[in-house]
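> Here is how the chains run, residue by residue.
2 protein chains.
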Amino acid sequence: MPKGVPESVPDDGLTTRQRRTLPITAVHTGPGKGKSTAAFGMALRAWNQGWPIGVFQFVKSAKWKVGEENALRVLGASGEGGTVAWHKMGEGWSWVQRGMESSEEAAKEGWEQVKRDLAAETYRFYVLDEFTYPMHWGWVDVDEVVSVLKDRPGSQHVVITGRYAKEPLTDFADLVTEMTKVKHPMDAGRKGQRGIEW
Amino acid sequence: MPKGVPESVPDDGLTTRQRRTLPITAVHTGPGKGKSTAAFGMALRAWNQGWPIGVFQFVKSAKWKVGEENALRVLGASGEGGTVAWHKMGEGWSWVQRGMESSEEAAKEGWEQVKRDLAAETYRFYVLDEFTYPMHWGWVDVDEVVSVLKDRPGSQHVVITGRYAKEPLTDFADLVTEMTKVKHPMDAGRKGQRGIEW
Chain A
1 MPKGVPESVP
11 DDGLTTRQRR
21 TLPITAVHTG
31 PGKGKSTAAF
41 GMALRAWNQG
51 WPIGVFQFVK
61 SAKWKVGEEN
71 ALRVLGASGE
81 GGTVAWHKMG
91 EGWSWVQRGM
101 ESSEEAAKEG
111 WEQVKRDLAA
121 ETYRFYVLDE
131 FTYPMHWGWV
141 DVDEVVSVLK
151 DRPGSQHVVI
161 TGRYAKEPLT
171 DFADLVTEMT
181 KVKHPMDAGR
191 KGQRGIEW
Chain B
1 MPKGVPESVP
11 DDGLTTRQRR
21 TLPITAVHTG
31 PGKGKSTAAF
41 GMALRAWNQG
51 WPIGVFQFVK
61 SAKWKVGEEN
71 ALRVLGASGE
81 GGTVAWHKMG
91 EGWSWVQRGM
101 ESSEEAAKEG
111 WEQVKRDLAA
121 ETYRFYVLDE
131 FTYPMHWGWV
141 DVDEVVSVLK
151 DRPGSQHVVI
161 TGRYAKEPLT
171 DFADLVTEMT
181 KVKHPMDAGR
191 KGQRGIEW
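Quick mapping for you: the protein sequence lines, in order, are chains A and B. Note that the first sequence covers residues 1 to 198 in the working numbering. Note that the second sequence covers residues 1 to 198 in the working numbering.
Since no wrong hints were added, every one of them can be taken at face value.
Under the rule of at most 30 Å between Cα atoms (straight-line distance), these lysine-lysine pairs were calculated in the DSSO-like manner:
{"#": "1", "chain 1": "B", "residue 1": "Lys181", "chain 2": "A", "residue 2": "Lys181"}
{"#": "2", "chain 1": "B", "residue 1": "Lys150", "chain 2": "A", "residue 2": "Lys183"}
{"#": "3", "chain 1": "A", "residue 1": "Lys108", "chain 2": "A", "residue 2": "Lys166"}
{"#": "4", "chain 1": "B", "residue 1": "Lys183", "chain 2": "A", "residue 2": "Lys183"}
In short, the hints are calculated from the structure, not lab data. Being a predicted model, the structure only gives us computed values, none of them experimental.
Start from the sequences, fold in the hints, and give me the full structure.
Printed below as a string of C-alpha cells:
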C-alpha cells in the first residue's frame with residue numbers, strides 16, 4: 001500500500017519541493033523476474049509526466065523486450081506524453097556508424113553515449129537495461145559510473161537493471177530493489193511463454 | 001540475462017506448443033518496490049500480443065498508478081495492440097450502480113466481477129493489483145481464489161500483486177517473485193517524487 005510519510009526529515013537544508021525534484025538513481029537487481037519489467041513500468045510514469053525517455057539496452061538479444069519496446073514507441077509517438085528514444089546494443093547502437101569488434105567495445109560505446117546524454121541533459125528519465133553486466137565483467141568501471149551519476153546536471157532520473165550490481169553502485173543509489181526468485185515456471189520445465197516472457 | 005532452456009522437461013503429456021499457451025498465474029509480493037510496476041510492465045507484453053487486458057485495482061487511492069493508467073489507456077486506444085479496461089475500486093467500480101458500504105464490500109464486489117470475467121473469458125491478461133490485501137484481511141477467501149483460478153477456462157493469464165501473499169496462493173502460482181526492499185529514498189526522509197512514485 002502506498003504511503004507518503006517519511007520516517008524522518010533530513011537535515012539537508014532543502015525544501016520539500018527541492019527534494020521532490022532531486023535526481024533519483026534506482027537499481028533493480030537480484031536473480032528474480034521483473035527487474036527490467038519494473039524499470040519499463042517506471043518509464044510509463046515518466047512518459048505520463050511528459051519527460052523525454054532514453055532507453056539503453058545493454059543486451060545482445062532484443063527479443064525479450066519487444067513488447068515493452070513497441071509499447072513505449074507507440075506511447076512516445078502518441079504526442080500525449082514524453083518522447084521515447086530506444087537504443088539497442090544488439091543492433092550496433094544507432095549513433096555508431098561502423099561495425100564493432102566485440103560486446104565489450106559495444107558496451108563501452110553505450111556508456112560513452114550515456115555520458116554525453118547526461119552531460120547534455122538529453123533525457124529526463126534513463127533506463128540502462130542490463131547495464132550491471134558490463135560493470136560486473138569489468139568492461140565499464142563502476143567507480144566511474146558512480147562518479148558520473150553523482151555529478152550529473154539537472155534532475156535526470158536513472159534506473160539501472162541487472163544481476164550482480166556492485167556495491168559502490170548500490171551504496172550510491174537512492175533506491176535499490178532486489179528481485180528474489182521464489183518460483184518460476186521454467187523450474188517446472190516450461191519454456192518461455194508468448195506474452196509473458198517477451 | 002534471458003535464457004530459454006528449462007532444467008527438465010515435464011512428464012505431463014503436453015507438447016511444447018501446448019505448454020506455451022498454458023495460463024500463467026503470477027504473484028508479485030514482498031515489501032520492496034516494483035510489485036505493481038512490474039505487473040504493468042508485463043501488461044505491455046500482453047498489449048503487444050494484441051490481448052484484451054483487464055486491470056482491477058483493489059486500492060482506495062488511485063493517485064499512485066495514474067502514470068501507468070494513462071499510458072495503458074493510450075495504448076489500449078491506439079488500435080495497435082490489445083484493448084485495456086481499467087477498473088478502480090476507489091471510484092466504486094464501473095459496473096456497480098449503487099454506493100458501497102465499506103472497503104470490504106467493495107473488494108468482494110471486485111472479486112465477484114473478476115470471477116464473472118474469468119468465466120466469460122473477457123480478458124486474456126488480468127492485473128489484480130493489491131489483491132493480496134483483501135485476502136490478507138480475510139475479506140476474500142484465498143482457497144476460493146485458488147479454486148477459481150485453477151478451474152478458469154482457456155488461456156487467461158493472471159498477475160496478482162501486494163504484500164502478504166498467502167501460502168495457498170503462492171503454492172498454486174506458477175511464478176512468484178518477492179521484491180525485497182534494500183534501500184528506499186523515504187528512508188532518507190525524502191517524500192514521494194513526481195514521475196518516480198506516481
